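*Asks:* Letter by letter, the chains look like this.
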Amino acid sequence: MDVVTNILTLAGYEGLVFGIVAIGIHLTFRTLSFPDLSVDGTFPLGGAIAAVLISQGANPFLATFIALIGGMGAGLITGLLNTKLRISALLSGIIVMVGLYSVNLRIMGGANEPLLRDITSFDIMARIMPGASKLIVAIVLVVIVVILVIGFLSWFLRTEIGLALRATGDNEEMVRGFGVDTDKTVLIGCAISNGLVALAGALVAQNQGFSDVGMGIGMIVLGLASVIIGEALFRPRGITMVLLAAIGGAFVYRLFIAIVLRLGAAPGDLKLITAVLVIIVLTMPFIRKKLRGDWLPPAKRW
Amino acid sequence: MIGIHMNQTDSILKLRNVTKTFARQTVDEVIALSDITFDVHNQDFVTIIGSNGAGKSTMLNIVAGLYPPDRGGKIYIGENDVTRLIGYKRAGFVGRVWQQPDLGTAGHLTIEENLSLAILRGKRRGLRRAVSKARKELFRKELSLLNLGLEDRLKTPVNTLSGGQRQALSLVMATISKPSILLLDEHVGALDPNTAKTVLELTDKIVEREQMTTVMVTHNMEVALHLGTRLIMMNKGKIVVDIDAERKRRLKVSDLVSAFEQAAGESFDDDSILLSHAEHMK
Ligand SMILES: Nc1ncnc2c1ncn2[C@@H]1O[C@H](COP(=O)(O)OP(=O)(O)O)[C@@H](O)[C@H]1O
Ligand SMILES: [Mg+2]
Chain A
3 MDVVTNILTL
13 AGYEGLVFGI
23 VAIGIHLTFR
33 TLSFPDLSVD
43 GTFPLGGAIA
53 AVLISQGANP
63 FLATFIALIG
73 GMGAGLITGL
83 LNTKLRISAL
93 LSGIIVMVGL
103 YSVNLRIMGG
113 ANEPLLRDIT
123 SFDIMARIMP
133 GASKLIVAIV
143 LVVIVVILVI
153 GFLSWFLRTE
163 IGLALRATGD
173 NEEMVRGFGV
183 DTDKTVLIGC
193 AISNGLVALA
203 GALVAQNQGF
213 SDVGMGIGMI
223 VLGLASVIIG
233 EALFRPRGIT
243 MVLLAAIGGA
253 FVYRLFIAIV
263 LRLGAAPGDL
273 KLITAVLVII
283 VLTMPFIRKK
293 LRGDWLPPAK
303 RW
Chain B
2 MIGIHMNQTD
12 SILKLRNVTK
22 TFARQTVDEV
32 IALSDITFDV
42 HNQDFVTIIG
52 SNGAGKSTML
62 NIVAGLYPPD
72 RGGKIYIGEN
82 DVTRLIGYKR
92 AGFVGRVWQQ
102 PDLGTAGHLT
112 IEENLSLAIL
122 RGKRRGLRRA
132 VSKARKELFR
142 KELSLLNLGL
152 EDRLKTPVNT
162 LSGGQRQALS
172 LVMATISKPS
182 ILLLDEHVGA
192 LDPNTAKTVL
202 ELTDKIVERE
212 QMTTVMVTHN
222 MEVALHLGTR
232 LIMMNKGKIV
242 VDIDAERKRR
252 LKVSDLVSAF
262 EQAAGESFDD
272 DSILLSHAEH
282 MK
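Residue numbers (this note's numbering), protein chains in the order written: chain A, 3 to 304; chain B, 2 to 283.
Derived from the structure by calculation, the hints contain no laboratory data. None of the values given here were measured: they were computed from a predicted structure.
Result set (DSS-like, lysine-lysine): computed pairs, CA atoms no more than 25 Å apart in a straight line:
id, chain 1, residue 1, chain 2, residue 2
1, A, Lys-86, B, Lys-90
2, A, Lys-186, B, Lys-124
3, A, Lys-86, B, Lys-124
Taking beta-carbon pairs under 10 Å as the criterion, some of the chain A residues facing chain B (in silico):
id, residue
4, Arg-160
5, Asn-173
6, Arg-239
What follows is a list of derived Cβ distance ranges for each label pair:
id, chain 1, residue 1, chain 2, residue 2, range
7, B, Leu-146, A, Pro-287, 34 to 44 Å
8, A, Lys-291, B, His-109, 19 to 29 Å
9, A, Ile-121, B, Leu-128, 32 to 42 Å
Heads up, the beta-carbon is just placed ideally off N, CA and C, and yes, glycines get one too.
Make a model of the complete structure from these sequences and hints.
*Replies:* Structure (structure tokens):
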């Protein structure tokens, strides 16, 4: 394979798998207006659960599913801290993220859990596709997962409960005025969001052959960057398009990272590069307004 | 106080000794409602006027369940004691439209999505499709009665509508699932005069057609006299004037001002109301 195809397929796989994270983050940050930072902890939680179960001989698909459920549980806790104990959304997420660090260490019995000799979901997929390269196998499996995720959310967000959830992030007081218990819609949203992030963590751990307690660092920033890039590039309208734009944004973001690495950046530099990239995309609309000479209100702090 | 009807069986809303104190036992303590006992009967259309801070919004908020009254007060809707029922649990009984157009609708959602949310007022929400064919048909029918062309724009995000259109939509949303009582809090207060007139006409039409029991706060005396079947004036947390349909028909704004002065035992000095009075005179 030549370099360009190489970079594109790699970004394709990573865009899809981190696109699932971006969709989860879209659900909380955008749909619910709930800035949930717990994802830095739920991503490795998903990896840890899947890796430990698989290394103990569990069916890898079942292990992946249980990882998703575990992530939903963590998201539920974040939601409960906010809705029932009235801790701010931002702090609720941070508290859960910090707590999960210890939980993840406990689950793995250490800082990481290797999967070298174990049969992962990707290994099973490879058996179905003899002759295909490792990366193509990974892409096919992740495409299937992404189709399931987008299909589920496109359906769910159009149901009566799903509509109430979307309206909660828009005008909570009004939604309550129509008899919706918005605590419940927030809990459902946080659970699904973190479930998806843990699912992505489980897939990444299986594909890279190990789970690591630090693998979630920067996940929020990465996911937010993807969401924002997707919105800016594709200006999506409608539920399904918004979800696809998150995947597209993640792909563009990973492509950018792959190119930067090619150009000689060290893997350790990536977090800083991402941080700078996020600053740039976040401030773009602001700078455009500033250049136009618009009147700008003071900064928001959520 | 004039014309309080007690122990009527057809009361939709009953307030019994309702007092509301804000910031109790601080220097900012305010008694927003002071021992109010008040009945709204089936198909009453009550208009409420009163100076700023009289307690009009507080009364509507307490009926809607935004906060409870002080201990001892009771609120009944129909036969139900709702005093301790938190807001979203009594939403099945109470429809509301606020002053600011963006409060009554979800701006990022489309017209049909907003209406789908509204049509399930107080009902269990499940995993059925929220915007169904049958519902869309109903929405078109309801919206076409407004004569604003909204029936052809079901997929339009609500934040692209004008303030008047949003208030008209809020009215339909508030009434489409037939709550026991409709609360309007200066719902045309943020609109320009022409739009305000249109929305008031729509209000009258909808209340009439749906035979809604309605409580409407307005700062415009003429509107308060012209619309509705009963008029109430509030001052300092109390209902000081209560006029039935019969007397209301014969009343003029100047009568209203003197009725207020007599009841409140003070001269009428609220700028905003005198202003709408003056507008009426010219
Ligand atoms: N949430 C609140 N906290 C503290 N004081 C309030 C609150 N709501 C209303 N008040 C006070 O209660 C009084 C009545 O207010 P309100 O019912 O809004 O009057 P109106 O709608 O008749 O203008 C005012 O003095 C107001 O400042
Ligand atoms: Mg008011």
